[in-house]
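Student: Sequence:
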Amino acid sequence: QVRLVESGGGLVQAGGSLRLSCVAAGINFKIHSMRWYRQAPGKQRDLVARIFSNGTTEYVDAVKGRFTISRVNPRNTVYLQMNSLTPGDTAVYYCNTNWGPADYWGKGTLVTVSS
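In our numbering, the protein residues as written are 24 to 138.
Treat the hints with caution; some may be incorrect.
Just the calculated beta-carbon pair ranges, DEER-fashion [claimed, not checked]:
id	residue 1	residue 2	range
1	Trp122	Gln36	35 to 43 Å
2	Asn121	Gly78	12 to 20 Å
3	Gly88	Trp122	28 to 36 Å
4	Ala37	Ser76	33 to 41 Å
5	Thr80	Trp122	13 to 21 Å
6	Phe75	Gly31	20 to 28 Å
Restricting the straight-line Cα-Cα distance to at most 20 Å, the calculated cross-link-like pairs of lysine to any residue (SDA-like) are [claimed, not checked]:
id	residue 1	residue 2
7	Lys130	Gln67
8	Lys66	Val86
9	Lys53	Gly123
Everything labelled a hint here was simulated from the structure, so no lab data went into it.
Ideal Cβ positions, reconstructed from N, Cα and C, are used throughout, including at glycine.
Produce the entire structure from the sequences given, and follow the hints as far as they go.
Tutor: Next comes the structure, spelled out in structure tokens:
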């Protein structure tokens, strides 16, 4: 059974930092691309960043230069380091991976950035 468990969310002031973690179980982690999505209140869920099995990373423009995605394969963990946070980053952040047609999601972790 595949499980993705996010942690690290919380309340932070604008300009602050948080590091999110996602621990995966039930998959061969090292061969999976891993992604972070976020969903702000009343909005759709959007991709934030992804990291491929070879370590290549991609970011949406809104977070480039502020967020860093990384992975530690022996720990089955993907991280999202978020710096220079703004109220616009307030959202529930979700970890995601897929294998063929199967799409896996965690339950999310809430990040709230106060002004």
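Student: Against each hint, give a clear statement of whether it holds in the structure.
Tutor: For each hint, the structure was consulted:
1. Take Trp122 and Gln36: their Cβ atoms lie about 39 Å apart, and the range 35 to 43 Å holds.
2. Between Asn121 and Gly78 the CB atoms are about 18 Å apart, so this pair conforms to the stated range of 12 to 20 Å.
3. A beta carbon spacing of about 31 Å between Gly88 and Trp122 agrees with the range 28 to 36 Å that was offered as a hint.
4. Checked against the given bound of 33 to 41 Å, the beta carbons of Ala37 and Ser76, roughly 35 Å apart, stay inside it.
5. Between Thr80 and Trp122 the CB atoms are about 20 Å apart, so this pair conforms to the stated range of 13 to 21 Å.
6. Between Phe75 and Gly31 the beta carbons are some 22 Å apart, a value that agrees with the proposed interval 20 to 28 Å.
7. Distance hint between Lys130 and Gln67 is fulfilled; the C-alpha atoms sit about 16 Å from each other, no more than 20 Å.
8. Under the criterion of a C-alpha separation no larger than 20 Å, the hint pairing Lys66 with Val86 is consistent with the structure, at around 17 Å.
9. With a C-alpha separation of about 16 Å, the suggested pair Lys53 and Gly123 falls inside the 20 Å cut-off, and the hint holds.
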